[in-house]
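Just need the whole structure built from these sequences, with the hints factored in.
These protein sequence lines are chains A and B, in that order. Numbers 1 to 145, taken from this note's numbering, label the letters of the first sequence in order. Numbers 1001 to 1502, taken from this note's numbering, label the letters of the second sequence in order.
Calculated directly from the structure, the hints in this document are not laboratory data. Here the structure is a predicted model, which means the values were calculated and not measured. Be aware that a few hints might be false.
As the list claims (entries may be wrong) - If you want a taste of the chain B side facing chain A, the calculated C-beta under 7 Å gives, among others:
#1 VAL1015
#2 LEU1018
#3 PRO1022
#4 ALA1025
#5 GLU1064
#6 MET1065
#7 GLY1066
#8 GLY1450
Unchecked claim - Simulated restraints, written as ranges between beta carbons of each label pair:
#9 B:GLY1073 <-> A:LEU20: 46 to 56 Å
#10 A:LEU23 <-> B:ASP1333: 58 to 68 Å
#11 B:PHE1279 <-> A:ALA134: 45 to 55 Å
#12 B:GLU1111 <-> A:HIS3: 30 to 40 Å
#13 B:LEU1049 <-> A:LEU89: 19 to 29 Å
#14 A:HIS28 <-> B:LEU1458: 53 to 63 Å
#15 A:ALA134 <-> B:TRP1159: 20 to 30 Å
#16 B:SER1368 <-> A:PRO16: 52 to 62 Å
#17 A:VAL85 <-> B:ASN1477: 52 to 62 Å
#18 B:PHE1279 <-> A:VAL85: 39 to 49 Å
#19 B:ALA1110 <-> A:ALA134: 18 to 28 Å
Every residue gets a Cβ at the ideal spot worked out from N, C-alpha and C, and that includes glycine.
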Amino acid sequence: MEHHSILRVISKLLIPPIILYALYVQWHGDYGPGGGFQAGVVFAVAFILYSLVYGVDALTKIVPPRLLHAFAGIGVLIYAGTGIVTMLLGDAFLGYNALAHDPVHAQEWGIIIVEFGVGVTVASVMMTIFIAFASHNPPLKDQDW
Amino acid sequence: MMALIETNLPALQVVLPLVAAPLCAMLGRGSRSWAFATIVSWLTFLIALSLFTKTFGGTIISYEMGGWAPPVGIEYRVDVLNAFVLMIVSGMAAIVLPYARRSVAAEIPAERQSFFYTAFLLCLTGLLGVTITGDAFNVFVFLEISSLSTYALVASGAWRNKRALTAAYNYLIMGTVGATFFVIGIGMLYMVTGTLNMADLAVRIAAHGDSSTVHMGFVFILIGIGLKLAMFPLHLWLPNAYSFAPSAVTAFLAATATKVAVYVMLRFMFTVFGFDYEFQAATLEMVVLPLAILAMFAASLVAIFQDDLKRMLAYSSVAQIGYILLGLTFLTDTGLTAAIIHLFNHAVTKGALFMVAGCYVLMAGTSSISSLRGVGRDMPWTTAAFVVAGFSLIGLPLTVGFVSKWYLVLAALELGWWPVALLIMASSLLAIIYVWRVVETAYLQSAPEGTVRKEAPLSMLIPTWVLVAMSIWFGINAMTTSAAASRAADMLIGSSQILWED
Chain A
1 MEHHSILRVI SKLLIPPIIL YALYVQWHGD YGPGGGFQAG VVFAVAFILY SLVYGVDALT
61 KIVPPRLLHA FAGIGVLIYA GTGIVTMLLG DAFLGYNALA HDPVHAQEWG IIIVEFGVGV
121 TVASVMMTIF IAFASHNPPL KDQDW
Chain B
1001 MMALIETNLP ALQVVLPLVA APLCAMLGRG SRSWAFATIV SWLTFLIALS LFTKTFGGTI
1061 ISYEMGGWAP PVGIEYRVDV LNAFVLMIVS GMAAIVLPYA RRSVAAEIPA ERQSFFYTAF
1121 LLCLTGLLGV TITGDAFNVF VFLEISSLST YALVASGAWR NKRALTAAYN YLIMGTVGAT
1181 FFVIGIGMLY MVTGTLNMAD LAVRIAAHGD SSTVHMGFVF ILIGIGLKLA MFPLHLWLPN
1241 AYSFAPSAVT AFLAATATKV AVYVMLRFMF TVFGFDYEFQ AATLEMVVLP LAILAMFAAS
1301 LVAIFQDDLK RMLAYSSVAQ IGYILLGLTF LTDTGLTAAI IHLFNHAVTK GALFMVAGCY
1361 VLMAGTSSIS SLRGVGRDMP WTTAAFVVAG FSLIGLPLTV GFVSKWYLVL AALELGWWPV
1421 ALLIMASSLL AIIYVWRVVE TAYLQSAPEG TVRKEAPLSM LIPTWVLVAM SIWFGINAMT
1481 TSAAASRAAD MLIGSSQILW ED
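Structure representation (structure tokens):
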């Protein structure tokens, strides 16, 4: 692992901005282009880049597959849970209007929560798929590059 | 609280299994996730039952997702037809899941079982969603949910036989082609009308009149759904997928997946395009009718020469779908009634038969007919279930199969198409041959030396016999099902009394 210094340095420089950008896309989704799906993919890309340079084992040390599976489910629960809460508040499934006093705020909050759920699921599923594919082949030895 | 549940029933029908699926994945241990999935499936069935009782009188329940009024928002629309299909789908899940515990425990490693039940619940979500929604694009989304989880379910047969992987891959390719065709067709309709709500589509297509874009839309949807429901020449994915999937999955899919696709076809043909759409009537008579008759004969003939019991039943499913499509092509009230009632009757019959096959796989370790010699003496109850359900597949009186064939023949005779009526009866003879072949091997041949086979456990026998009993009960007492089916047919015809001016 001592060679590839350029790759290692550049990826370490890149990973934080990628995550930051993912969060920007996530939370900006209700004003402009963006949203949970895109944000989730960009977020996962940061981790995938890390694993491309440092290996899949390094990635699974940070985010064990079990954790990813759980988060994939939690995202769906956040989405559907929002719908159930609005039902309990007396509106339709995902009828955000019940979430706040005026519909403008309520719609905004509703969409932010739901998109957060989408982001969580997409990011964890992306990483799960990557890990599933990458750990099937024997890892490439450094010398063979 | 009750009032809250009551008003949100259409949403809960889909949301309940959807929320349950990720929870099931988190439960971890096999038996816990099984118990959870089973309880959820029973609750879903209760919801479907109450929706059915509400709509049986002719009421239509419309539910606005997210409070957005149709045609802009997504509408869930429950009438007697889709409440009937909802009941079939959730009812089959409620019967198959108790059966699944032993069979799945033997076929799938313990640490993977919670994911298996998660995929099962997602598949149920998708199938229920397709059925309940009144939005054409929403149908596509749910169709994908159910298909993707079905590919995973079929592939999970790989622990028993590695060929499940290629079967699942084959199904994936064909299913994706079908879904793509379907969505292209919806795109064409959207191009013409600018709406995706089915009721709105119907009004606007009728107002727009016929055009080549509508023709193309219709053909794409017909072929896309045709692939999903295994319409005769497009059925090639089905035999492998059914024979290599885990037994419980086969029983569930055979009873529900193709039925839901048939429902989508009915819905598009008669609610969206309308009963009196000439291009559709011509296509049905010139293309679908001959294909349906070919399916009845070709698939039954192929079934006769199969050695694997599950594969034989799979080919017989292709033939039975031929009967359903045949009922559709008559374009009469009786024909539609026959098609709709056969949805239920075939679900019950084929579900029972595939469950018997699953019992053989578990207790005798094989579903190859030649190695099931003499199994009738070792597993009397299982084999008896096969015989009774087999009678129903053939269409002997006092079984549900007879009710379906009766309506089909009646519909053919009403139109004066007596050659078609004769063909229906002739194809039943083929069913006698392939059912008899199994009965003969099971009872009349002696068991191979040194085989030890025990009767299937009660947890599998009871669900199987529940379905067998239903195939007798609704065969003798066909009032409820035929009333539901004929009301659904009336509703389909009534809802498309829009005049085509062209």
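So, going through the hints one by one against the coordinates:
Against a cut-off of 7 Å between C-beta atoms, the interface hint on B:VAL1015 holds, since the closest Cβ of chain A lies about 6 Å away. With a cut of 7 Å, the hint placing B:LEU1018 at the interface with chain A holds, because the nearest CB-to-CB distance is about 6 Å. For B:PRO1022, the shortest C-beta to C-beta distance to chain A is roughly 3 Å, which falls under 7 Å, so the interface hint holds. Checking B:ALA1025 against chain A by beta carbon gives a least distance of about 5 Å; that is within 7 Å, so the hint holds.
With a cut of 7 Å, the hint placing B:GLU1064 at the interface with chain A holds, because the nearest CB-to-CB distance is about 6 Å. Of the supplied interface hints, the one on B:MET1065 holds, with its beta-carbon coming within about 6 Å of a beta-carbon of chain A, less than 7 Å. Among the interface hints, the one on B:GLY1066 holds; its C-beta lies about 4 Å from the nearest C-beta in chain A, closer than the 7 Å criterion. Hint status for B:GLY1450 relative to chain A: violated, with the closest Cβ pair at about 41 Å, above 7 Å.
Checked against the hint of 46 to 56 Å, the pair B:GLY1073 and A:LEU20 fails, with Cβ atoms roughly 35 Å apart. For the pair A:LEU23 and B:ASP1333, the supplied restraint of 58 to 68 Å holds, since their beta-carbon distance comes to about 59 Å. Range check, B:PHE1279 to A:ALA134: Cβ separation about 51 Å, and the 45 to 55 Å hint holds. Take B:GLU1111 and A:HIS3: their Cβ atoms lie about 38 Å apart, and the range 30 to 40 Å holds.
For B:LEU1049 and A:LEU89, the hinted distance range of 19 to 29 Å is satisfied, since their beta carbons lie about 27 Å from each other. The hint said 53 to 63 Å for the Cβ distance between A:HIS28 and B:LEU1458, and at roughly 58 Å that hint holds. Checked against the hint of 20 to 30 Å, the pair A:ALA134 and B:TRP1159 passes, with Cβ atoms roughly 23 Å apart. Remark: the range hint 52 to 62 Å for B:SER1368 to A:PRO16 is upheld by a beta-carbon distance near 60 Å.
As the Cβ distance of A:VAL85 to B:ASN1477 is approximately 44 Å, the hint placing it in 52 to 62 Å is violated. Evaluation of the 39 to 49 Å hint for B:PHE1279 and A:VAL85 yields a pass: the beta carbon distance comes to about 47 Å. As the Cβ distance of B:ALA1110 to A:ALA134 is approximately 26 Å, the hint placing it in 18 to 28 Å holds.
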